[in-house]
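Chain by chain, the residues run as shown.
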Amino acid sequence: MAIKDVIVDWYLRNIIVPKYVNYEIPGFVIKEQQSKYGHTFQRDVFLSENLIEDLENQFIKKYGENGKKFLYGVGKNFGWNYGKSFNAPNIQNNKNEEVIKTATFLSQFIGATWAEKTNIVKLEVDSKFFQIESKDYVVCSNNGLGQLLNEGGITGLWAWLMADYSIEGIQINCQGRGDLKCSTVCAPISYFNKNNIKLNIFREKIETDFTSKLYLEFNRVRTLTYSSANLKNMISNNLVNYSEGKIEYKGERYFPLEINFLFLLEKQVIMLSGGNNLLFDIAFENGKRVALKEKNLNISFMCDFMAIMGWGDLLITPNLNKIGINYYPWSDLFDECGKEIFLGILSGFISVYKNKQIKLRIINSDNSNGYITLILGIKN
Amino acid sequence: MAIERMKTNIKGFDELIEGGIPRNYHVMICGLPGTGKTILALEALYRGAVEFSEPALFVAIGEDSEKVIKDQASKFGWDLENTKNFKLYVISVTKTPFDIISDIQDQAKKINAKRIAIDSLTALSINSVYFSRGMVVNLMKTMGDAASDSLNERASNSVIQRFIYLVISGLQSLDSNVFYITDLSISGSSLDGISEYVGDGLILLKSVPLGKDVQRTIQVVKLRSTNISGGIFDIDFTSNGMIVSSE
Chain F
58 MAIKDVIVDW YLRNIIVPKY VNYEIPGFVI KEQQSKYGHT FQRDVFLSEN
108 LIEDLENQFI KKYGENGKKF LYGVGKNFGW NYGKSFNAPN IQNNKNEEVI
158 KTATFLSQFI GATWAEKTNI VKLEVDSKFF QIESKDYVVC SNNGLGQLLN
208 EGGITGLWAW LMADYSIEGI QINCQGRGDL KCSTVCAPIS YFNKNNIKLN
258 IFREKIETDF TSKLYLEFNR VRTLTYSSAN LKNMISNNLV NYSEGKIEYK
308 GERYFPLEIN FLFLLEKQVI MLSGGNNLLF DIAFENGKRV ALKEKNLNIS
358 FMCDFMAIMG WGDLLITPNL NKIGINYYPW SDLFDECGKE IFLGILSGFI
408 SVYKNKQIKL RIINSDNSNG YITLILGIKN
Chain D
94 MAIERMKTNI KGFDELIEGG IPRNYHVMIC GLPGTGKTIL ALEALYRGAV
144 EFSEPALFVA IGEDSEKVIK DQASKFGWDL ENTKNFKLYV ISVTKTPFDI
194 ISDIQDQAKK INAKRIAIDS LTALSINSVY FSRGMVVNLM KTMGDAASDS
244 LNERASNSVI QRFIYLVISG LQSLDSNVFY ITDLSISGSS LDGISEYVGD
294 GLILLKSVPL GKDVQRTIQV VKLRSTNISG GIFDIDFTSN GMIVSSE
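Just so you know, the protein sequences line up as chains F and D, in that order. Counted from 1, the first sequence has number 214 at position 157 by our numbering; the numbering is strictly sequential. Counted from 1, the second sequence has number 324 at position 231 by our numbering; the numbering is strictly sequential.
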């Protein structure tokens with residue numbers, strides 16, 4: 058890496074990224090940003106790297122090539138919409154130099170958040186070709202897959218910059234498969250056809266607006282009633298490790314993802330028969346795994362944990378008479394999603410707490426107070 | 094040795110605290126306005142008077158509070174005026190802090206009260222600051238604004254905290270359980286800054302909208318010498334009083 062890149066990398070990892078993610082607010086994980094509305098914010102949740110690995114492993118195991126396409130499609134739509142949310146300059150309305158600068162910065166930023174190191178191998182705006190290498194990229198360096206983030210996410214972002222959704226991408230090398238580094242190539246389909254490279258094509262573009270007035274209003278930070286758990290305090294007390302935007306807690310690594318990642322996952326999963334049930338089950342096992350690591354699992358832990366991860370203000374009574382959450386994340390895909398990830402994780406927790414299998418469902422959803430409330434009950 | 098406990102007979106509540114509050118304990122009832130603090134204290138005293146024949150003294154601060162409390166009680170069918178062993182005593186805010194403590198002691202001894210409630214400790218504390226200001230006003234007149242503001246705030250906090258300790262120690266000489274109703278701020282800590290740390294117990298009441306409904310909850314945060322059923326429990330108000338869903 059050139060000296061300048063080393064400095065930029067250090068600055069991103071140690072100054073920008075830690076400050077960019079605001080993890081001091083109970084119930085909310087917020088990233089401040091500029092958008093077409095001026096200074097706004099994104100709402101994130103911390104998701105477990107193991108959860109995402111399991112998603113990829115199990116969806117591909119069950120659905121084969123369709124599973125890969127599904128995962129890639131979620132990542133690609135997420136990347137596309139992420140670029141859109143920044144109003145990242147694309148070639149439609151901006152000079153090539155501006156786009157190149159943005160692509161370079163975003164690559165370094167993604168590297169600082171999701172990998173140990175990244176570098177751009179090749180970037181050609183005229184041919185819409187982009188290749189990036191990374192070391193220890195989240196998820197795929199463990200499971201050798203990477204359709205969601207390394208393949209789909211990066212492709213979606215590049216496609217936005219090229220103002221061309223038809224651009225596709227593939228991970229041609231992966232550390233998890235034994236290669237020295239992960240390497241993703243994004244280009245028009247013609248490039249891949251010419252080189253006989255098989256793709257996981259996903260054609261359905263799903264647009265969502267991270268910066269709409271409703272998004273900003275429903276996800277606005279509010280004071281919690283039932284949890285005051287603060288990630289910053291937990292870090293100060295060495296209960297969790299925090300480094301370069303990622304949390305580590307009892308062997309699980311968590312990183313923040315803008316909430317539309319969840320919504321796109323939960324919306325697109327219905328294209329696979331039984332996909333929503335599998336999504337729930339994976340989240341359920343993840344919740345159980347986390348809960349089993351707690352010696353004295355109690356309601357306070359569950360409420361505090363979910364608050365720290367950014368889900369909102371959770372109320373659970375010990376007899377499970379009342380289970381509800383205020384300030385659940387919202388996006389314009391909200392009504393099209395089953396909230397399987399949240400329900401699954403929480404069901405896993407409660408099942409360990411009660412020492413029997415309990416699966417939760419949504420009884421009612423309400424936004425009359427200007428934020429999202431979910432009232433939950435137990436599935437019979 | 095088994096600890097003697099005062100049963101409240103509030104449905105579902107005593108089960109959270111090994112059957113009742115240890116005798117002569119002083120317990121804070123904290124919450125934002127509208128969370129049920131007064132009703133909880135009223136019911137604990139009323140049921141003590143009616144169901145256990147234990148004399149109860151409910152101390153309300155301010156002349157307007159008598160009607161408010163009687164109206165609240167009537168919603169549950171509790172006729173405070175005609176209930177033997179129950180006395181509603183209203184304290185005027187024009188009294189000095191020391192007179193107030195002395196008054197409460199006198200009233201409690203008169204009826205041999207076994208259960209006392211102070212509604213509210215917050216109002217009493219604010220009253221104490223008002224009187225204390227009069228004692229330092231001459232000194233503040235000689236200071237600049239910033240210095241006097243600083244003294245004012247420090248004096249206020251210090252006066253409040255000392256007053257609370259005085260009240261609690263003053264009433265500890267009585268052979269009674271005492272409930273102190275204390276208001277919380279939006280941030281979740283008491284307005285006086287100290288209530289949650291003093292006393293033998295702390296009951297926290299909360300109220301939050303859950304969709305179109307309002308969910309009220311209760312949590313026994315602290316109660317010495319007691320195995321508390323931990324957690325937050327939902328509460329409802331029926332025509333007979335409060336119900337805690339502890340099962």
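Hints should not be assumed to be uniformly reliable.
[As the list claims (entries may be wrong)] Covered by chain F, per the in silico footprint, the following chain D stretches (three or more residues, Cβ under 8 angstroms):
1) 102 to 112
2) 194 to 205
[Said to hold, decoys possible] Derived BS3-like pairs: lysine-lysine, alpha-carbon spacing no greater than 27 angstroms straight-line:
3) D/LYS305 <-> F/LYS270
4) D/LYS202 <-> F/LYS379
5) F/LYS345 <-> F/LYS303
6) F/LYS174 <-> F/LYS125
7) D/LYS315 <-> F/LYS352
8) D/LYS104 <-> D/LYS163
9) F/LYS289 <-> D/LYS315
10) D/LYS305 <-> F/LYS379
11) F/LYS379 <-> D/LYS104
12) F/LYS179 <-> F/LYS289
13) D/LYS305 <-> F/LYS436
14) D/LYS188 <-> D/LYS100
15) F/LYS179 <-> F/LYS192
16) D/LYS163 <-> F/LYS411
17) D/LYS202 <-> F/LYS411
18) F/LYS119 <-> F/LYS270
19) F/LYS416 <-> D/LYS315
20) F/LYS379 <-> D/LYS315
Calculated from the structure, these hints are not laboratory results. Only a predicted model underlies this, so the values are computations on that prediction, with no experimental measurement involved. Using N, Cα and C, we set each Cβ at its ideal position, and we do this for glycine too.
Evaluated hints:
no.	hint	in the structure
1	102 to 112	violated (count 0)
2	194 to 205	violated (count 0)
3	D/LYS305 <-> F/LYS270	holds (23 angstroms)
4	D/LYS202 <-> F/LYS379	violated (43 angstroms)
5	F/LYS345 <-> F/LYS303	holds (21 angstroms)
6	F/LYS174 <-> F/LYS125	holds (25 angstroms)
7	D/LYS315 <-> F/LYS352	holds (22 angstroms)
8	D/LYS104 <-> D/LYS163	holds (21 angstroms)
9	F/LYS289 <-> D/LYS315	holds (26 angstroms)
10	D/LYS305 <-> F/LYS379	holds (14 angstroms)
11	F/LYS379 <-> D/LYS104	holds (18 angstroms)
12	F/LYS179 <-> F/LYS289	violated (39 angstroms)
13	D/LYS305 <-> F/LYS436	holds (22 angstroms)
14	D/LYS188 <-> D/LYS100	violated (33 angstroms)
15	F/LYS179 <-> F/LYS192	holds (16 angstroms)
16	D/LYS163 <-> F/LYS411	violated (43 angstroms)
17	D/LYS202 <-> F/LYS411	violated (49 angstroms)
18	F/LYS119 <-> F/LYS270	violated (39 angstroms)
19	F/LYS416 <-> D/LYS315	violated (32 angstroms)
20	F/LYS379 <-> D/LYS315	holds (22 angstroms)
In the structure shown, a violation is registered for the earlier hints numbered 1, 2, 4, 12, 14, 16, 17, 18 and 19, in ascending order.
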